[in-house]
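**Student:** Starting from the known structure of chain A, fit chain B with the ligands onto it as the hints suggest.
Protein chains in written order, with this note's numbering: chain A, 1 to 161; chain B, 1 to 265.
Accuracy of the hints is not assured; some may be wrong.
Each computed DMTMM-like pair below joins lysine to aspartate or glutamate, with the alpha-carbon atoms no more than 25 angstroms apart [said to hold, decoys possible]: (1) Lys-17(A) x Asp-3(B); (2) Lys-212(B) x Glu-156(B); (3) Lys-20(B) x Asp-47(B); (4) Lys-10(B) x Glu-19(A); (5) Lys-17(A) x Asp-47(B); (6) Lys-55(B) x Glu-69(A); (7) Lys-10(B) x Asp-54(A).
So the derived label-pair ranges between C-beta atoms look like this [said to hold, decoys possible]: (8) Ser-181(B) x Lys-157(A): 40 to 46 angstroms; (9) Gly-11(A) x Lys-265(B): 44 to 50 angstroms; (10) Ser-46(B) x Gly-70(A): 33 to 39 angstroms; (11) Thr-137(B) x Gly-160(A): 29 to 35 angstroms; (12) Gly-141(A) x His-242(B): 36 to 42 angstroms; (13) Val-14(A) x Thr-193(B): 48 to 54 angstroms.
Read the hints as simulated data drawn from the structure, not as lab findings. For every residue, glycine included, the Cβ atom is placed at its ideal position computed from N, Cα and C.
These are the residues of each chain, in order.
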Amino acid sequence: MSISVSMTVNGKAVSGKVEARTLLVQFLRENLSMTGTHVGCDTSQCGACVVHVDGQSVKSCTMLAVQAEGAKVMTIEGLAPSADKLHPMQEAFRDNHALQCGFCTPGMVMSAVDMVKRHNYQLDEATVRRELEGNLCRCTGYHNIVKAILAAAPAMKAAGV
Amino acid sequence: MYDFAYHRAKSAADATALLKGKSEGRAMAGGMTLIPTLKQRLARPSDVVDLAGAKDLAGIKAEGGGLTIGAMTRHGAVATSTEVKSTIPALASLAGHIGDPQVRNRGTIGGSVANNDPAADYPAAVLALGATINTTTRKIAADQFFKGLFETALGEGELITSISFPKPEKAAYVKFPNPASRYAMVGVFVAKTAGGVRVAVTGAGPGVFRVKAMEDALAKNFSSAAIKDIKVPTDGLNSDIHGSAEYRAHLVGVMARRAVDAASK
Ligand SMILES: Cc1cc2nc3c(=O)[nH]c(=O)nc-3n(C[C@H](O)[C@H](O)[C@H](O)COP(=O)(O)OP(=O)(O)OC[C@H]3O[C@@H](n4cnc5c(N)ncnc54)[C@H](O)[C@@H]3O)c2cc1C
Ligand code: FES
Ligand code: FES
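Chain B with its partners taken away, still in its complex shape:
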C-alpha cells in the first residue's frame, strides 16, 4: 500500500471540505473494499478522508412510511435493526447475508452503493425498491444512479449521505452466493411496490439491471409460475471461472422464481 495523508471528518460537510480540490482524494467508509484495493495498489489516493466520525451519516430513521438509512450505517446494524426488520424485512435479510460477520461489522451501505461492485448485494435492493440516493448536493433516483461496472452518477467529491427506501407491499431477495467469497454469483431482488413490480439482478452482468419481461408478467400475476418461461438473454452477461453467461442467465430465472415465492409467503 502506498502511503497517503489521513484525515478524520466530523460531518458530511467537513468531509466535503476536506476532499475539496483534492482530485486524488478518497472517502473511506468501512474500508472493506478500499483497504484491499489500496493493498493491491489498484488505487493511489493522495488523501483518505475517514467518514467514521461523521455522526450525521449514520443511523436508521423511519420516514414517510419507509426508511432512510445513513450512508455510514454498517451492514450488521441494518441486519439487526428492528425498524428495518419490521418495515422492509427483505433488506435486513440481504444485509445479514453480506460477506461474513466481520465484514458486516465494518462495511457500510453507503460504501457498498458508491462502490457499485457488479456482484454486490445492496445495489439490487436499491434498484428494485426504487430507492433515492441522497448526496451532499442532490437526490438521485436509483434508475439514474448505477452506470455499469463500478460506475455511478456520483460526481467528484460528491458523497452519499443516506438512502431512502419506500416501503414495498412485498419484497424478497435471493442470492446464489459464490461459495468462496459470498458475493452474488447471481442475486435477484423482487419488489411489489406502489409503482408496480420491479425485478433487479446483481452478479450476472457488468452492473445491476432490471428485467422488464419479468416485471410485466409479475404485474399481471405475481406468482413464480408467471415467469417460469421467461429467459434472460446471455448477451453481455459475465462469463468467468465461476460460471458461464448461460449458467448465470439460468440462475437469474431460478433466483427470480425463488424470490417471488419468498415474497409471496
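With the rest of the complex left out, here is chain A:
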C-alpha cells in the first residue's frame, strides 16, 4: 500500500511516497538520501539511528515513516548552524576525541543534545552514563563521549542552543 507522507526535516518541508511498513530511518536514508542517520542493529538496541521528532530523541529504526506525518524531524545533518560551523556538541566530540570509527556518533550526538536540554544544561557524570543507556559504542569505551557531553553542556548554554 503506497501512502503519502509529509513532514519537516531539518527545517525543510519534505514529502514522499512510502509503504505503511517503511521505517522513518529508511525514509530518511533512502527517500531523502540523508545517510547521516545510521542503522546499527535494527533491533531498537544501539541508538545509531537516533533523531529528534518534535524535539524528542527517538530511535528512527523503531518508528514508521507514517508515524512522523506532520512532525518536525531533526537529524545529524541539521544540527550544525552552517557549513563551516559545528554545533557545540559536535565541537565537543571533536575536542575530546569522543569517536573512533564514528558509526555510533550521529546517534550519540543526537541523544546527547536531547539529554543536555532535558536536564536544563546541568549534568553530572553519573547522569550522563545513565542517560546513554540506549546508545552503544563498540570503540571508545565511552569515557571520552561522557567527557564531551559534560563539556558541551555549558557550551550549549553559552551559545543559546
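**Tutor:** Below, chain B with the ligands without anything else, positioned relative to chain A:
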C-alpha cells in the same frame, strides 16, 4: 516486516470502529514492542491502527485521591509528571527506569500493560497497587487482568483507555535489571494500601504474580526483617541464559527486602 494497511484513529471510539471486523487488526501505541515484533515477522497484522492521534487516551488526572493515567501516556511523561511524583512517587521512579530515554519517549503505559511481557515493569505496579484497567467496554481489576505469558483479560478489539491507581500509604519498586536489555531479571513492587499489603513480582515467572506469604508477614510487621526468612518456591520460575530459577527465587527475596526498606524511608 510484512506490509499492512495503516489507519490513524482520532479517538478511542474511532480506533474501536477501525478495528471492528478485522480479526487480524492490531492497535499500535508507542510501537516499541510492536514494531520489533513485526520486523521479526512474529506477527502479521492485516491492519495497524495508530492510537497516537487519540487525544482522549493521553494525559494524567488526579482522581478520587489517586491517579488515572491515559493509555497513550508515554513512560517519560509519567516519570517526570509532578502529579505522579507527588501522589505515587514509586510509579514515577518505575517509569523512569524503563529501557532508555528513547524508549521512554515513545513507549506507553497502555502498550506495556496490554502486552504483559513477563519482564515488563508496569504490570508489577498495576498488580501491587490494586489498580483498575479501564477499557473501551468495562473496568477490570488488576487481579483479574494478567493471565500469564503475554496474555491478558482483554477481548478482541477491546482497548485499554486508562489505568486508575489508588494512592498507597507507602510503596516502592526495586528491580534487578538485565544489564543488556534493562528489562527486569526480577522486579518487586511492594505497596501498603488501604486494603492491606501487596507484593507483586515481575521478571521471575511467566507473568507477574503476588507473594502471599510476604504480604501476610508484612501486614503484621512492615519491615524487611519480617520477610527475611521467606523463600519463594522455584517451581515455574524462569530459567534461561540470564539466570536459573534458583537465582531468580533468591533475587525475589533480595528485591522485596530492598523495596520494603525503600518504602519505609
Ligand atoms: C530497547 C528496549 C528496552 C525496553 N526496556 C524495557 C524495560 O526495561 N521495562 C519494560 O517494562 N519495558 C521495556 N521495553 C518495552 C517498552 O516499555 C514498550 O514501550 C512497551 O512494552 C510497549 O508499549 P508501546 O506503547 O510501545 O506499545 P506497542 O508496541 O505499540 O504495542 C504493544 C502491544 O500492545 C497492544 N496495545 C497497545 N496499546 C494498547 C491499548 N491501549 N489497548 C490495547 N492494546 C494495546 C498492541 O496492539 C501490541 O500488541 C523496552 C523496549 C525496548 C525497545
Ligand atoms: S539501529 Fe535503531 S537502535 Fe540500533
Ligand atoms: S566510535 Fe565506533 S562505535 Fe562508537
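**Student:** Each hint needs a verdict: does it hold in this structure or not?
**Tutor:** Each hint tested on the structure:
Taking the CA atoms of Lys-17(A) and Asp-3(B), the gap is near 14 angstroms; set against the 25 angstroms cutoff, the hint holds. A distance of roughly 32 angstroms separates the Cα atoms of Lys-212(B) and Glu-156(B); the hinted pair therefore is violated under the 25 angstroms criterion. A hinted pair counts as satisfied when its Cα atoms are at most 25 angstroms apart, and Lys-20(B) with Asp-47(B) qualifies at roughly 11 angstroms. Note on Lys-10(B) and Glu-19(A): the hinted pairing holds, with a Cα-Cα distance of about 21 angstroms set against a maximum of 25 angstroms.
At roughly 19 angstroms between alpha-carbon atoms, Lys-17(A) and Asp-47(B) fall within 25 angstroms of each other, so this suggested pair holds. Taking the CA atoms of Lys-55(B) and Glu-69(A), the gap is about 16 angstroms. The hint holds against a cut of 25 angstroms. With a CA separation close to 19 angstroms, the supplied pair Lys-10(B) and Asp-54(A) stays within the 25 angstroms bound. For Ser-181(B) and Lys-157(A), the hinted distance range of 40 to 46 angstroms is not satisfied, since their beta carbons lie about 34 angstroms from each other.
Taken as a hint, the range 44 to 50 angstroms holds for the pair Gly-11(A) and Lys-265(B), whose Cβ atoms sit roughly 48 angstroms apart. Under the hint 33 to 39 angstroms, the C-beta atoms of Ser-46(B) and Gly-70(A), about 25 angstroms apart, miss the expected range. Evaluation of the 29 to 35 angstroms hint for Thr-137(B) and Gly-160(A) yields a failure: the beta carbon distance comes to about 51 angstroms. Distance hint for Gly-141(A) and His-242(B): a CB-CB separation of about 24 angstroms, inconsistent with the stated range 36 to 42 angstroms.
Between Val-14(A) and Thr-193(B) the Cβ separation comes to about 51 angstroms, which falls inside the hinted range of 48 to 54 angstroms.
The structure does not agree with the numbered hints 2, 8, 10, 11 and 12 stated previously, though it agrees with the rest.
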